[in-house]
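Let's have the full structure, built from the sequences with the hints guiding it.
Sequence order for the protein chains is D and P.
Going by this note's numbering, 20 is the number at position 20 of the first sequence; the sequence numbering is gapless.
If you count the second sequence from 1, you need to add 426 to reach this note's numbering.
It should be emphasised that the hints constitute simulated quantities derived from the structure, not laboratory data.
Keep in mind that the hints are not guaranteed to be accurate.
[Claimed, not checked] Residues from chain P that face chain D, not an exhaustive set, calculated with beta carbons under 10 Å:
| no. | residue |
| --- | --- |
| 1 | R624 |
| 2 | L627 |
| 3 | T640 |
| 4 | D642 |
| 5 | D664 |
| 6 | A666 |
| 7 | R676 |
| 8 | Y677 |
[As the list claims (entries may be wrong)] Away from chain P, derived, C-beta distances all over 10 Å, residues of chain D:
| no. | residue |
| --- | --- |
| 9 | T15 |
| 10 | D27 |
| 11 | H51 |
| 12 | F110 |
| 13 | S118 |
| 14 | T130 |
| 15 | E136 |
| 16 | E140 |
| 17 | S163 |
| 18 | I294 |
Ideal Cβ placement from N, Cα and C applies to all residues, glycine included.
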Amino acid sequence: MSLSIYNARLLDPATGLDETGAILIEDGKISAITLGATSAHDGAADSLDAHGLCLAPGLIDLRVKTGEPGDEQKETLATASRAAVAGGVTSLVVMPDTKPVIDDVALVRFISDRAKTSAKARIYPAGALTTGLKGEAMAEIGLMADAGAVLFTNGDEPLQNASILKRAMTYAASRGAIIMSRPDDRALKGSGVMNGGAFAARKGLAGIPREAEWIGAARDLMLAETTGCTLILDQVSTPRTLELVAKSRSEGANVFTTIAAHSLFFNELDIGDYLTYCKVNPPFRDEDTRLAMIRALKAGEIDAVVSAHDPQPPEEKRLPFGEASFGAAGLETTLAALLSLVHDGPLSLLEALAPITCRPADMIGLPQGRLAEDAPADLILFDPGKPWLCEREHLRSRSTNSPFDGRRLQGRVMQTFISGECVFTR
Amino acid sequence: MTKAAYHYTFEHEHLLGIEGLHPLDITHILDLANEYAEATRAGQRADPVLSGKTVVNLFFENSTRTMSSFEIAARRLGADVISMPVAQSSVKKGETLIDTAMTLNAMKPDVLVVRHSASGGAKLLSRKVDCAVINAGDGTHEHPTQGLLDTLTIRRNKGRVEGLKVVICGDIAHSRVARSTTQALHLLGAEVHLCAPRTLLPSGTETWGAASATSDFDTALQGADVVMMLRLQLERMDGAYLPSRREYFRYFGLTQERLSLAREDAIVMHPGPMNRGIEIESAIADGERSVITEQVEMGVAVREAVLHLLAGGRP
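This is how it looks when you write it as structure tokens:
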């Protein structure tokens, strides 16, 4: 079977391509890219007129939490996948902090098998770095990697014992495994619930100081330098952290950084009257910091953007701000958050797409995330200018704790393809 | 080669480590040990060169095997032997060691065989006593008689040591056996390759004489003449040195399949006690390429030779 999508604005951040043309999909892969073509490929069994919509690689999201197994009332792999394809996310890495924790080969296989039978999107399990995420004993990094775990992380509970982290990094390095770590010194974070500073003080909320991220990052980076481990610093939120990363890179460390899409969109003032949907960690920072991070993204100092999708049901959020859970649903709004930076001026369309397509693909070694012959035909057709109102009752996640609720956004996915098959049509 | 051929005398007062020995010292010990081994096999009684001498086994760490081996060796040479398994007390270790040494020294033994959990323990003791001290294992530093018995076992099976490719796999970082055996084999011209998970592979092993250090066991095994597996201390799973026993076995366990990467006539060694199914498959441990029981046999012979050289006059 073959499909030709023509009359499309082809966007490939990997090569910088931005031209009208057609692509031919055969056997789930891109078999031809014809620039300038405004009609279908000859001999294609099916054809689709894109009417000038943007055709880009499907999004690759390196950080998604679901509730499966153990908290299916929050989200399952199936509901996360449903939300993902509606948001243009075709590949997602799911975090190991479930119940039970994904710290064992059988559980890695469980996620892969469940995903195959219940989810439309491609789902890649991340393995726990330590058994039970307790931070005490190293999990079976080698065996889980062999079973398909793409990276290893302690999730939202970064290792506090640097000695154990060092050994885990040393071991991971020798097996070629990637470690993702949240730079977050827990003693400094303390009981903080939002960005530390004047606004937190005025609101009477405990602040999370930026030093918590800096000190966590400095530790992780130095250990990455000495052990040779490939490190992904998970959700950085301040420019100072990026300076530390640059320094480590100059020392030869193999380090990548990610940022949560929502922290490019919101600042701490969006918490307003204690909106718990805006309670995330790392917290929304001040406006200057947000703008600095956008500039860093444009300069390529941040490697990937993640949704940091963290579904939390009402019982976890309808609480006083200090008591509510951290986390925001993000799968359906990541693209719009990035496109807002295009409409507001700072980023080009390709600059907005690269950190959520080809760059995360390269970080964990996936063949998709690009418009290239022989690459998997994971594609999205989107209208970059289409206005829409984000209303949580219309979100497809099982938990709809979105800080974008009530926001007017611009740019929507119209169709999503995985392996050439249409898995979502608006 | 006879002693007369190179006008050699063994000049050392103690045996604290392989470090500091000359290749000729090692060859000399091995030659004598080999004579003892052959004599024992032929059912001959050794000359009582240690008759009237007192050998004290002072073991601050439990080890039935090594202590028995020294005891048998000393008895075969006619010595009076006292074995003192000194349980680790809550007293500060350094203090205990020195106090015990002074007390024993006052009783005028001829040889002290000491095992202690602290690296440098044997050296410390040797400074405080007037008799010969044999290090039977000090912390993660050295275990020289093990290095010698491994070398002798290899020499007997392969007819030489020089030019052999020896792979030592296991917890190199915490192994005194690896340190002693690597140095002994290197001094006699073998090419020693160390293999361990990166968390158990210290840096600087080239200063021990190792030709390489790697975490890729399969590659290391190619063309090996000797494969020596080390015991994995199961407490390494605590403190995150290693994920699990099964993952260790998957990448570092010696299986039939893996062994086929080595030379067809490769021999398999293990200092014991073994964790079957963790670092070595039972079929290999008990198989025809295993020389593990011969290692135990050579252990007694080497200790006879060392006791003879240190306390029985200088042959």
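So which of those numbered hints doesn't the model satisfy?
14, 15, 16 and 17
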